[in-house]
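The chain contents come next:
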Amino acid sequence: MFLTLVDFFGCFAFALSGGTRAVERRLDPFGVMFLAFIAATFGGIIRDVIIGSVPPVAFDTWHYFAISCAAGLACIFANGLIAKVAAPVAVFDALGLGLYVVVGTRKAMDAGLSPLMAAVLGMVNAIGGGIGRDILAAQTPMVLHKEIYALAALLGALVVAYGDYYLLPSVLVAIAGSAVAILLRLAAMRWDWNLPPVAPK
Amino acid sequence: MFLTLVDFFGCFAFALSGGTRAVERRLDPFGVMFLAFIAATFGGIIRDVIIGSVPPVAFDTWHYFAISCAAGLACIFANGLIAKVAAPVAVFDALGLGLYVVVGTRKAMDAGLSPLMAAVLGMVNAIGGGIGRDILAAQTPMVLHKEIYALAALLGALVVAYGDYYLLPSVLVAIAGSAVAILLRLAAMRWDWNLPPVAPK
Amino acid sequence: MFLTLVDFFGCFAFALSGGTRAVERRLDPFGVMFLAFIAATFGGIIRDVIIGSVPPVAFDTWHYFAISCAAGLACIFANGLIAKVAAPVAVFDALGLGLYVVVGTRKAMDAGLSPLMAAVLGMVNAIGGGIGRDILAAQTPMVLHKEIYALAALLGALVVAYGDYYLLPSVLVAIAGSAVAILLRLAAMRWDWNLPPVAPK
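Residue numbers (this note's numbering), protein chains in the order written: chain A, 1144 to 1344; chain B, 1144 to 1344; chain C, 1144 to 1344.
Simulated from the structure, these hints should not be mistaken for lab results. A virtual CB, placed ideally from N, CA and C, is assigned to each residue, including glycine. A couple of the hints might just be wrong.
Reference listing, derived: stretches of chain B covered by chain C, where coverage requires no fewer than 3 residues with Cβ under 8 Å from a Cβ of chain C [claimed, not checked]:
{"#": "1", "region": "1161-1175"}
{"#": "2", "region": "1193-1203"}
{"#": "3", "region": "1274-1282"}
Can you make the complete structure from the sequences, with help from the hints?
What follows is the structure in structure tokens.
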């Protein structure tokens, strides 16, 4: 129940990031709804296609579509308000990141991937929505050049993958993995941590 | 027979839109052929991958590849002529849109999707080619910010999905759904309807 | 053994092209690693998803991930050195192209595709990594407007597909197909062959 709530709020936060980007890029209302849906679901779609679990969850239930539409409508009719609640939304985004990392990594391991590649796919699950959003906005994906986001996801995913692999208690592993991702992400936001760009020599 | 003709002409019209874009972006002949193929088939490829019907139709028969090559060659050797027949091509594009909406939505429902998500995937089937074309041209997909195109596809797809769901006569549903998509699309072209961009507040 | 070596060096060369591009675009270290991985594996991932062979090889073994990471680290810590060895790297890239064309086309035929479409997918296998790399860098894919690369891949793939289809000796077909792709690619680099852009008339 608690996890479902985090899932839905995380999805909502991801969808808001898509809708907000669409408004910045002056897309039309359809574009706002579409980017909200992609930002919320693209990572999970990639995960499910890669492991052959089709149709992907995003198409197998209407929940994520409905949540994305709600977020899209909020971006259309109340984008001034959304700017004001950006801070709490970023927290839900971080919680969603932590949750997706656990869910994605475990689903990948259940499908038979090795811990290492399951962690990579768990990270892709968590960052795929943002990558899809940025590609549709014709921009270089933010996770590739700004903020510590993918790295937080990857470290959390590695904790989950190897914790499960060595049969540590499942609940503890989930808490530790998501905590690593969430706390590193929140700390990076709080103190504005970035990896430095690689300079050509 | 009639449907096969509409399918092939619709595919040809989609492919022309890809080839024409490639010429505008000064791509080389290979790029023209490739964008023609993507514009004609990418929506169907996404649909088939999402529902697990692989290999996708576009790779399971040579017809769409051959039609795309013909359209690509026309763009290379007769792009002046194509500009002159843009109006009839746009009509075939609208017919193709109406057909893909019916085919895509029904295939998605046959694969077990709910009517709502089948309609969403039917719309993705119809607009996916244009999105792939624009991403490869490094541009924000046109359907996200200009013209009423995706919305026409979505409304038509919803008619098909819920008509089938409530077991209305199959032929009538197909005609109604494609008519909604085609007429809305043609009207939007005729009177230059656009959704207004969402303005940041 | 020899083929495994070519595979790994080809993968390394592809990954270097991704990492180098990421450095040019001033991405951060994570972005460099990610682009290296995508450039090395995206073509094979597309191939495997299209034919339903999931999880794709890139996720089913850690080899390609490890090689990509090594190439990414080289781009981060020694990109001055890489610029100096660009010529040998380009040769390995051409060898990798020739190998991927054979592997991809044959895997597609084994999955039941016709020779023509298997050759198309074999070409996609060979050029997909570069396309993914360029899309993530928000650029029009290089294979669509510069250099003879995809065409070399396609011609080699056609040799493999129809050679196998007519049951010619398997080893000869593999050598002939990869030789066509490799030699055409090397010649195009040596004499700077390009297809001319298609001019609007």
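Structure-based check of all given hints:
no., hint, verdict
1, 1161-1175, "holds (count 11)"
2, 1193-1203, "holds (count 6)"
3, 1274-1282, "holds (count 4)"
When each numbered hint is compared with the structure, no violation occurs for any of them.
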